[in-house]
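Enquirer: One-letter residues, chain by chain:
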Amino acid sequence: MDNDQTTPYDIDAITAIHCADCARSDSAAYDAIPVDHMPIPTEAFAGFPDGVPTMGRLNRRRFLRNGALGVAAIYGASKIPWQNAFEAAVAEGAVGPNNVLVMLFLNGGNDGPNTFVPIGGDNAAYRTLRPTIARANDIAGRVGHTDMGLGAAGQLALPNLPGMGLPGVGFATGGNLLSLWQANQIALFPAADYPNPNFSHFTSRDWWFAGRLMKSSTGWLGRWLDAYGSTTNPLQAVSIGSNISKSIRTARNPVASIPENIAGFGFNISGSSPAVINPQVGAIAGGSAGNASTQRARSTYGQTVTVAGQLAGVAQPGANAAYPANSSLSRRLQLAAALIGANLGTRVVTIDWGSFDTHGGQIASHDPQLSILGQALAAFQADLTARGIQDRTALVAFSEFGRRGGENDSNGTDHGAGGTMWVQGAKVRGGLAGTPAPLSALVNGNLQVTTDFRSVYSALLSDWMGGDPGLILPEASPLTRADGGLLFNP
Amino acid sequence: MASTLTAQAKRTSARRPPKRRFRRQRRPPLNWADKKMTPAMVDRLFWRAGFGPRQEDRDRWVGKRVVLAVNWLLTTKPSLVGAPPSNNNAPLAPTANDTDLVLQWVDRMVRVDNPLIERLTFMWHDHFGINRNDVTPRMAQKHIELLRQLTDVTANPAADFRSLMQAVTIDPAMLRFLTGEFNVRRNPNENFAREIMELYGIGVTNEQGQPNYTETDVKELARAFSGWQINNTNAQEPVAYFTASRWDPGTKTALGRTGSFDTPQAVDVVLAHPNHAPFLVRRIWDEFVQSPPEPAMLRDLASTYVRRGLRLRPVLKKILTSRAMFESANEPNMIKSPVVFVAGTMRAMGLTITSGTPRNAMQSMGQDPYFPPDVSGWEGGQAWLDSNTAIARFRLLNDLNSDAVIDRTDATSENAQQAYDRAYAAVGKPWLAPNTVAQITAFAATQPGANIGQRRVRQRVLRALMLGGPDGQVM
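Protein chains in written order, with our numbering: chain A, 67 to 556; chain B, 9 to 483.
Next comes chain A alone, as it looks inside the complex (with noise of 0.2 Å):
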């Protein structure tokens, strides 16, 4: 399971051949068990009406009056009582708005050169390296490129793919990577990784999420909210999806995941739709109740038709923020821009996504999946801004590790070094912040580690979050930049 660069695979027109670890390897993301479930009010999405709410005396029955939205489960080592947990919530988004981390995981070993591509005096090594799959602006067929205008420093180019640089899509039609690089919103580091990779996904994986290269019962986020957070607000860390993220396992405070398929949200029977079953539903909610359970049930079941109406209006980005339609990702993003907006103490999301182990076909799957990658964190960024929240929300896009320098027999490329990173948003000082790996000068047929990811943490902890990255991160060396000074701007 190690490392099955020698392995032979099939060519899979459709998508990318997997490994067999990495199907298995979900164990390596998530692995808790919730101690409990809270329902987070519908008032909470909507936006408390003073942006400073006051929920003194809090009971169940009086704040889930309009319905829950859905139910976050509750993770740490004790169990919280509900009411306590959203008190805390209410009363740390009360304190005022702290700096948020959005840690977007994509899955499977994001593939470098092909993502950034390399232009200028490596491009040669490049095409050589990768002749079916590399980008080319001379043959017909291929995705082209369009120059991050680095000049002689860093020669990169974003894949002329809707969400990444097709030239003349940007924040007018919903933009893309480009447009984020070149409203400097974007530091990059094309080439993370830890020194002497390992190239399982679950060793990988567990050591990027603990930070550390070691076994760890917590995650490095985890660690920084024992220190740092909140010992009764799960809401201060927030996995969007069913299961938590391995980076922010605490070893005491709370923390919560809380599923993102807001948009199915309602009711629905296979063959109908939920546009003829909602209103159903909710007429007969609206009977009378002669008792407590009968009123509970209808209320329940009324509110709920109400909450899908109500979310529909929320999944719907606005004007600028275009999230690219049937998107899991996207849900996540909004869902996340959505929580951090409802000032509910929230500090870290994360969310995995992706499918990005590109053993096979890569080109069939990789490239949809940039293209969609790109317009949702556009999308993402001007939500935070239609939000008015992008001045204290930074987002960090990784993967458990690059890829290797040339193509494989299948199309596609096996798993290697160096991975691509970047930290986005509008305080982020843009540039690149890191060296480009040569393919020209790779090591043992795998890109040069050019920044060890620990350091990149540490300065999201000193520069962002606030805290020791000594006591956090014991091993993690201060960034340095490639380009000079701080990852971002005062």
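Hint data in this document are derived by calculation from the structure and do not stem from the laboratory.
For clarity, every value in this text was computed on a predicted model and none was experimentally measured.
Keep in mind that a hint or two might mislead.
Computed, partial: chain A to chain B, Cβ under 7 Å [to be verified]:
no., residue
1, G337
2, Q346
3, A349
4, T360
5, Q361
6, R362
Restraint ranges, calculated between C-beta atoms of paired labels, are given here [stated by the list, open to error]:
no., chain 1, residue 1, chain 2, residue 2, range
7, B, N141, A, V509, 42 to 48 Å
8, A, G375, B, L88, 17 to 23 Å
9, B, D429, A, R318, 24 to 30 Å
10, B, T449, A, G375, 21 to 27 Å
11, B, D142, A, R318, 19 to 25 Å
12, A, P345, B, T84, 44 to 50 Å
13, B, I460, A, G375, 31 to 37 Å
14, B, S363, A, G375, 28 to 34 Å
Quick reminder that beta carbons are idealized off the backbone N, C-alpha and C, glycines included.
Following the hints, position chain B against chain A.
Expert: Relative to chain A, chain B alone:
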């Protein structure tokens, strides 16, 4: 108590002017044993004492006295009817995977003819709260078998809570779950001593709000419970044993009693606490009845329980034949737990277990048997229903009504009313409010049924609206 009241009332009414008769009528009898049952009452009894009525239960008991049906529940040995369960065409392997372990139990709930014992077994599971995550599958399975055996009043009319509590105390599953196996004289472990008082036996406070025990009582009792270990030679099915040298033989003073108590004696000390009887009969009452017991009823139940040696059957009989049992019979007033809802829906539809769907459904509704959230069991009650669980409940009707299930009764030329009637029969003719009937009937008229595809969708939607909607959640 009830008979005393009646006698008193009779005596007074004979001497007083007629206006006094009005006052007597304002205190209706607490007992409805001799009431003849309406269809709604039969449904009520079988939802609360089981997992919903089968048609034969209705045919048999409507018009009969309550006490006859209750006696049947209390004396008829349960047996399973219908096809044995499977999971994706394979026989269940309950000790090999947890889904099958859960399915095995749900299957009993679905297929058992007299459901009372299964219902009680689940109540005790909720009461003791042992989680499969803390014990092996076989330990968990044996624990449930123990609960079932010791609460089976049909096999043993003298089944009593003392025997149950004594057995559970030294059940390997309990010793592991509450770390009793690590309770040694030099380092007493208070885990079980606390829970047997707080959760299992007497409660934190009495009805007047005064504390039932102190931290000293916990420490003293913990010493009495010391000395137990688990032999793991058979890792799947370990056995408990007692090592005298690990037990603290010294004098303990707990709950006002002093002695060198060993484990069985310590259990008896707890069960002799004055709040044990009110606590336990209230626990059972709440399983069956929505409204709290009237003070007279609670006193009567507690005194009966003590007088009859902590036996379960006399208490069950009084509760199941009480007037409160049938309160609001024409508009059900208790939320079905997920287990009751899922098992009840499958029972109503005549389905057997063939896949993991029932467990998945219960999980998304917030109740996974064998996996209670903590030692205090499930919160339950009104908390069962929120937006997510409502959707999960509705979706169950979608998932259970496959084309094959619907096609069992396809009728090519059925009109809207016939479609309604077919759907209503298919989900076991559940309670529906008049407004709900009108709403669904009107909706049925708008749904096409020209081809089998349309009729399938029409059936699926109608059935879901009936049993998966708000009205289907109460019993």
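Enquirer: For every hint, state whether the structure bears it out.
Expert: We went through each hint and held it up to the structure:
Taking 7 Å as the C-beta contact cut-off toward chain B, the hint placing A:G337 at the interface holds, the least distance being around 4 Å. Given hint, A:Q346 at the interface with chain B, holds; its Cβ is 5 Å from that chain's nearest Cβ, closer than 7 Å. A least Cβ separation of about 5 Å between A:A349 and chain B falls short of the 7 Å threshold, and the interface hint therefore holds. Residue-level restraint check for A:T360 holds (minimum Cβ-Cβ distance to chain B is 5 Å; threshold 7 Å).
A cut of 7 Å between beta carbons decides the hint on A:Q361: the least distance to chain B is about 9 Å, and the hint is violated. At a threshold of 7 Å, the smallest CB-CB gap from A:R362 to chain B is about 5 Å, leaving the interface hint in force. Taking 42 to 48 Å as the suggested C-beta distance range, the pair B:N141 and A:V509 conforms, at roughly 45 Å. Our hint of 17 to 23 Å for A:G375 and B:L88 is violated, since their Cβ atoms are close to 45 Å apart.
Our hint of 24 to 30 Å for B:D429 and A:R318 is violated, since their Cβ atoms are close to 58 Å apart. The hinted window of 21 to 27 Å between B:T449 and A:G375 holds, with their beta carbons roughly 25 Å apart. A hinted range of 19 to 25 Å holds for the C-beta pair B:D142 and A:R318, which are about 21 Å apart. The given range of 44 to 50 Å is respected by A:P345 and B:T84, whose C-beta atoms sit roughly 45 Å from each other.
Between B:I460 and A:G375, the C-beta spacing of about 33 Å keeps the proposed range 31 to 37 Å intact. In this structure the hint that B:S363 and A:G375 lie 28 to 34 Å apart at CB holds, the actual value being about 33 Å.
Violated hints, listed in ascending order, are 5, 8, 9; each of the other numbered hints is respected by the structure.
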